[in-house]
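Chemist: This is what each chain is made of:
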Amino acid sequence: MVSLELQGVSVAFDGAVAVDAVDLSVEDGHVLGVLGPSGCGKSTLLRAVAGLEPLSAGRIAWDGADLAGVPTHRRGFALMFQDGQLFDHLTVARNVGYARRLQGASRATVRAEVDDLLGLVGLRGYADRLPRTLSGGERQRVALARSLAARPRLLLLDEPLSALDAGLRGRLAADLRRILTESGTTALLVTHDQDEAFAIADRLAVMRAGRIVQEGATGAVWAHPADADTALFLGCSRVLDPRVASVLLGRSTGPVALRPSALLVGPDPTDGLPGTVRTFRPTPDASRLVVAVDGVGDLDAVGVPGWIAEPGQRVGVRVAEHAVAFLPDTATEPAGSAP
Amino acid sequence: MTRRLALGSLAAVPVAVVAVFFVLPVGAMLHRGVWPEGSFDPGAVLDVLRRPRTLRVLWFTVWTSTVATTLAVLLGLPAAYVLHRLRFPGRAVIRTALLVPFVLPTVVVGLAVRELISSSGPLGFLDLDGTPTAILVGLVFFNVAVVIRTVGVAWEGLDRRPAEAAAALGATPAQVFRTVTLPALRPAVVSAASVVFLFCATAFGVVLVLGGVRYSSVETEIYLLTADLLDLPAAAALSLVQMLAVVALLVVVGRLRAVPDPTVRRVAAAPTRPRPRDLPALAVTVLTLGLVALPVLALAVGSLRRDGAWTLAYYRALGGSAEGLLQVSVTDALGASLRIAVDATWMSLSLGLVVAFVVTRKVRSRAGRRARAVLDGFFMLPLGVSAVTLGFGFLIALDQPPLDLRASPLLVPIAQALVALPLVVRTLVPVLAGIDDRQRQAAASLGAGPLRTLLSVDLAVVWRPLLAAAGFAFAVSLGEFGATSFIVRPAEPTLPVVIYRLLGHPGALNYGTAMAASVVLAAVTAGVILVVERLRVPGVGSW
Chain U
1 MVSLELQGVS VAFDGAVAVD AVDLSVEDGH VLGVLGPSGC GKSTLLRAVA
51 GLEPLSAGRI AWDGADLAGV PTHRRGFALM FQDGQLFDHL TVARNVGYAR
101 RLQGASRATV RAEVDDLLGL VGLRGYADRL PRTLSGGERQ RVALARSLAA
151 RPRLLLLDEP LSALDAGLRG RLAADLRRIL TESGTTALLV THDQDEAFAI
201 ADRLAVMRAG RIVQEGATGA VWAHPADADT ALFLGCSRVL DPRVASVLLG
251 RSTGPVALRP SALLVGPDPT DGLPGTVRTF RPTPDASRLV VAVDGVGDLD
301 AVGVPGWIAE PGQRVGVRVA EHAVAFLPDT ATEPAGSAP
Chain A
1001 MTRRLALGSL AAVPVAVVAV FFVLPVGAML HRGVWPEGSF DPGAVLDVLR
1051 RPRTLRVLWF TVWTSTVATT LAVLLGLPAA YVLHRLRFPG RAVIRTALLV
1101 PFVLPTVVVG LAVRELISSS GPLGFLDLDG TPTAILVGLV FFNVAVVIRT
1151 VGVAWEGLDR RPAEAAAALG ATPAQVFRTV TLPALRPAVV SAASVVFLFC
1201 ATAFGVVLVL GGVRYSSVET EIYLLTADLL DLPAAAALSL VQMLAVVALL
1251 VVVGRLRAVP DPTVRRVAAA PTRPRPRDLP ALAVTVLTLG LVALPVLALA
1301 VGSLRRDGAW TLAYYRALGG SAEGLLQVSV TDALGASLRI AVDATWMSLS
1351 LGLVVAFVVT RKVRSRAGRR ARAVLDGFFM LPLGVSAVTL GFGFLIALDQ
1401 PPLDLRASPL LVPIAQALVA LPLVVRTLVP VLAGIDDRQR QAAASLGAGP
1451 LRTLLSVDLA VVWRPLLAAA GFAFAVSLGE FGATSFIVRP AEPTLPVVIY
1501 RLLGHPGALN YGTAMAASVV LAAVTAGVIL VVERLRVPGV GSW
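Chains U and A, in that order, are what the protein sequence lines are. Quick note, the first sequence lines up with residues 1 to 339 if you use the numbering used here. Quick note, the second sequence lines up with residues 1001 to 1543 if you use the numbering used here.
Please note that the accuracy of each hint is not assured.
Computed list of chain U residues with no C-beta within reach of chain A, every gap over 12 Å [to be verified]:
| no. | residue |
| --- | --- |
| 1 | A50 |
| 2 | P54 |
| 3 | L55 |
| 4 | A65 |
| 5 | D83 |
| 6 | D88 |
| 7 | L90 |
| 8 | A99 |
| 9 | S147 |
| 10 | D158 |
| 11 | R318 |
| 12 | A323 |
Here are a few chain A residues that face chain U, going by a calculated C-beta distance under 7 Å [said to hold, decoys possible]:
| no. | residue |
| --- | --- |
| 13 | S1119 |
| 14 | L1123 |
| 15 | D1127 |
| 16 | P1162 |
| 17 | A1165 |
| 18 | A1167 |
| 19 | A1168 |
| 20 | A1171 |
| 21 | Q1175 |
| 22 | R1178 |
| 23 | P1280 |
| 24 | A1281 |
Honestly, the hints are just simulated from the structure, not real lab data. Yeah, the Cβ is synthetic: ideal placement off N, Cα and C, and Gly gets one too.
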């Protein structure tokens, strides 16, 4: 059942269109991720849903009821900011209990709920700390607890993890997914980080220059990007036209996009497609090469573990199809259009 | 070690100046009161405090200051919001215009309000002449600008997102204001309110002109006791009470200002277009603007009208000496005022620069930080001590060799420089403190010596605020009346003193000439302040 529905939503700032005729819907209990590069208008879209930016056109509805004219505080959509935006003058417990106190819940009720929520986000015992004494990850956990405490109909997440370092981001993303699933919260997530989106969202909408260019289940978007730009944004390193792609895959196909791990290079030129090493660069987990594949051209590839290649060496290239994304036939881009 | 020594000796200069020209005179005044006949006699002080008139004066001061402060905050908060968070045409002009009352000479303010509410004035039908309400109007008139500036600057830099986060959590606009915005503004509001209270409680010119003989505040009472009644013990007793009250106020304010997390996130929040829900704030702002504009207009119109007709007679009279009443013409007095203001400006500027430099240096030791805090407070002293006390102290303390300065033309500028010092320091300190020390370290690591570093890092940032501070000092000096009225040489009076003398004598021409002189003085001061505002120094005029 559809809860949030956006129809032709546009937002403009002094004539400059930031969000351009966006149609989206979020089903009850699901998490929709809006993925896009910075400046694509995704944060503006989120703020429009929260009621913080006026629409220049279109309609936002909840359970079929138009939200035009409903101010932010009556929408019941909690917004979690990129940097948490905790109230620095209030303790952790008062931050988390903020919404419930406004709703007039009794002191004892609020305290019990706050304790539960702090337990849920793994911060039991932090109740009397001030926000400035917390680390970045702890602050985001408090911000999440504070948003959940409001018992929102919809949780709006604005790049909730991007201010954190890589390791913490991975762990917190898993926690966030678990908490959202367990509490059955409907959520709208915007992010520029594809790992964050894949870890948290059920469905993905890819946004570019104010428009939604693709929407679908997370795995489907990953496997079949709508066009070359989307493929590159989703982490692919090269887009190949049908001729080159057919040579590489050994069968007739449309255009494809390759992730960096799609080509595996070994020292035996007869194992797979033959080619010549251009450059070789070892990294902590795998070696990265550029290989001139015969009849195809220069491509990025990874080397087999523990092997050191020399430029000019003849090698064999195998294709790992799980790291190949297939694009629709219309999306033709010349090989080597990687950024 | 050498660094600490250098800083110490640098600090010694302003400390010595303030000690000789502030602590010594004020101390002498108090000494006169508490040791009346050469022996310690606190009983005399207590006797004075038991007089019914003294109690009446104290009570009057407390309640008028409290009410005026409350009104200034209530009117100033919405105006601060409108002028610093909303976007509309003419905003910059209004903001600039609102800085003017703050530096307008108190005598001029008093006269302008009197002209507004006098029986022949535009608001004469309200019958407020000679009532405490008139004094309140005057006090609010020149203090509401302080609230608007101080709170406005804080509000302008306030991050919008915490408020949005609260709204997204279900807080109504009123709840957002109470739980998020107000706590964030609290330090600024408390600062503004305390400074306004201080200004109100030590207001001299306004109360003197508007209070007449019926209403007296502590400040005018000290003046009356010393200048007219020569009752020094009583004056000293009141000065002492005033000083203790000021210290107590500053301590309380320090407590109130303390917030759980003092770090402030500054952002440049884009102002928004006014929305329907901003209407009440807009209405209060218009009311405030009216309150500020009306007295000035009334003064300007009054100076141009005689017996119901337009005339320039009062302005022509500026060149004369008011039928021998004054020893000099008003234009001569303006010249003297300007000369004195130039001297006072360079004095307070050089003192203030040294003070600001010393109190913003990085200090590593705890003792060093404490010394710095004490210094900081020491140089704010002139803010809380009655200018009348200072002026009278000058008279009795600086009259013997080696400090016989009574006849010196520098006496008046020195006193005015001390009155302006806190303002200069407050303008420079935030800017100097805002320089990232790593900039200096970067300069040093690139081979710049200490002097070169000072020139290329500090001076590059501080020259605009320095000019702004100069403008403020100049304006304060032009309008200074409390201390000046005691120590000015009769043959070379300043313009505010001349205005007050004219007011003290009956006759329509005298009154009209006083108004014309006030307009001239206000125009000069306003001109200086408008130039200051053009410099666009962040936080000018805020506390």
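Chemist: Tell me, in ascending order, the numbers of any earlier hints that this structure violates.
Modeler: 1, 2, 5, 6, 7, 8, 9, 10, 13, 14, 15, 22, 23 and 24
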